[in-house]
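Once you have looked at the hints, place chains B, C and D on chain A.
4 protein chains.
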Amino acid sequence: MGMPLEMNWMIVTKGKEEKVVEEENCFKLTKDGYRLYPLDIAVVEVRKTKEAATIGLAEIKEMIWKDGNTTIVYMLKKLNGVN
Amino acid sequence: MGMPLEMNWMIVTKGKEEKVVEEENCFKLTKDGYRLYPLDIAVVEVRKTKEAATIGLAEIKEMIWKDGNTTIVYMLKKLNGVN
Amino acid sequence: MGMPLEMNWMIVTKGKEEKVVEEENCFKLTKDGYRLYPLDIAVVEVRKTKEAATIGLAEIKEMIWKDGNTTIVYMLKKLNGVN
Amino acid sequence: MGMPLEMNWMIVTKGKEEKVVEEENCFKLTKDGYRLYPLDIAVVEVRKTKEAATIGLAEIKEMIWKDGNTTIVYMLKKLNGVN
Chain A
56 MGMPLEMNWM IVTKGKEEKV VEEENCFKLT KDGYRLYPLD IAVVEVRKTK EAATIGLAEI
116 KEMIWKDGNT TIVYMLKKLN GVN
Chain B
56 MGMPLEMNWM IVTKGKEEKV VEEENCFKLT KDGYRLYPLD IAVVEVRKTK EAATIGLAEI
116 KEMIWKDGNT TIVYMLKKLN GVN
Chain C
56 MGMPLEMNWM IVTKGKEEKV VEEENCFKLT KDGYRLYPLD IAVVEVRKTK EAATIGLAEI
116 KEMIWKDGNT TIVYMLKKLN GVN
Chain D
56 MGMPLEMNWM IVTKGKEEKV VEEENCFKLT KDGYRLYPLD IAVVEVRKTK EAATIGLAEI
116 KEMIWKDGNT TIVYMLKKLN GVN
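Protein chains in written order, with the working numbering: chain A, 56 to 138; chain B, 56 to 138; chain C, 56 to 138; chain D, 56 to 138.
Because the hints were derived from the structure by calculation, they are not lab data.
Since the structure is predicted, the reported quantities are computational estimates derived from the model, not experimental observations.
Given that identical chains are not distinguished, each listed pair holds provided it fits within a single copy or across any two copies.
For lysine to any residue, the following SDA-like pairs were computed, each having C-alpha atoms within a straight-line distance of at most 25 angstroms:
| id | residue 1 | residue 2 |
| --- | --- | --- |
| 1 | K121 | T85 |
| 2 | K83 | D95 |
| 3 | K133 | P59 |
| 4 | K133 | A107 |
| 5 | K74 | G57 |
| 6 | K69 | K132 |
| 7 | K83 | G57 |
| 8 | K121 | G70 |
| 9 | K116 | E100 |
| 10 | K121 | K133 |
| 11 | K116 | V128 |
| 12 | K69 | K105 |
| 13 | K132 | M56 |
| 14 | K133 | A108 |
| 15 | K69 | V128 |
| 16 | K103 | M65 |
| 17 | K74 | T85 |
| 18 | K86 | E106 |
| 19 | K103 | K116 |
This is chain A alone, in the form it adopts within the complex:
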C-alpha cells in the first residue's frame, strides 16, 4: 500500500538521451523506476554520469510515468565549456 519513487534534481543521461528532431536542443530520456523531477525550471544540471562534470543546465518540459519507467523531455539551456 505504498509506492516507491525517487526524488531527482539532476539529469544523469548515461549517454542514453535521444534528440527530439523537431525542436532545437530538445532531448528525450527514459530511466527505470518512477522518478520525480522538477519541471519548468531552467536549473537542472545535466551530466553524463553522476560523477562527471556538468554538461549544462536544462529545463524539463514533460515527465511521463508508465510501465515502471520515467521518460523526460528536456531543453538544454546553457552549455558548459563551449568556446
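The following block gives chains B, C and D in isolation, referenced to the frame of chain A:
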C-alpha cells in the same frame, strides 16, 4: 527554486474523464497542476466529486506532467453499486 | 544523486504504535525508510496489516524523517466496529 | 483530498537559520509549508536568497513536518570562498 505539487491518492473526475476507446474500462483525465498519484496499484478510489460516494477502484497506468497539467490514464477495476 | 522514498496514504501499524500519554487517541509510529504521508487530513486509514480490515481513520499531525526512518504522530478520529 | 507540498533541492535560509550549539557546523531552519528535501546526501546547496551565491554544501540530517511548517537540521560540509 522549489516546485509545487500535490500528493493525490484518489481520482476526483468532476465528470471530465474521457473513455479510451481501444481499451475496456480505461479512462483518461487531465487536471490542473502537477499531481503525484500512486501508479500500478489497484486501490485508488474514483469519485465524481470529493464528497461523493466512491464509483469504484482504479489502477492508474500512466501519469503525464506537461504544461502545468497532469494527465492520468486509469483502468476501472471494481465498480460500486452495480446490480 | 537521487533520494528514494515511498508515497504512503494509509497507516499500517504492524502493532508497533505507541500511545502518546498526554493526548487522547494520539499515537506515535516509526517505520523504516523515508515515507511521504498526507498530513492534516482526517482521512487516512489505519490498519494493523496491509490486508487487515480498517481500524479507523486518522489525522497525521507530525512527520519526522531522520536516520533513514520515518516517525509519524497521528490522532485516531473515527473507530470502526466499536460498539 | 490532496496535500500540497513543494519539492526543494536547495536550502534558502533568508538568514533565519539557528545554530545547533551541541554540534559543529549544524543548523536548524524552519520554513512555511510542507517541503520535501533530499536527506543524507551532502550535495544540497545553501544560499541566503534564491539569487545569491552559494554559501556552501550541506547534508540534511532531519526533516520535520508539523503545523503547516517544515523544519530541517543540516550540517554545512563545504564552505565557499573561505580562504
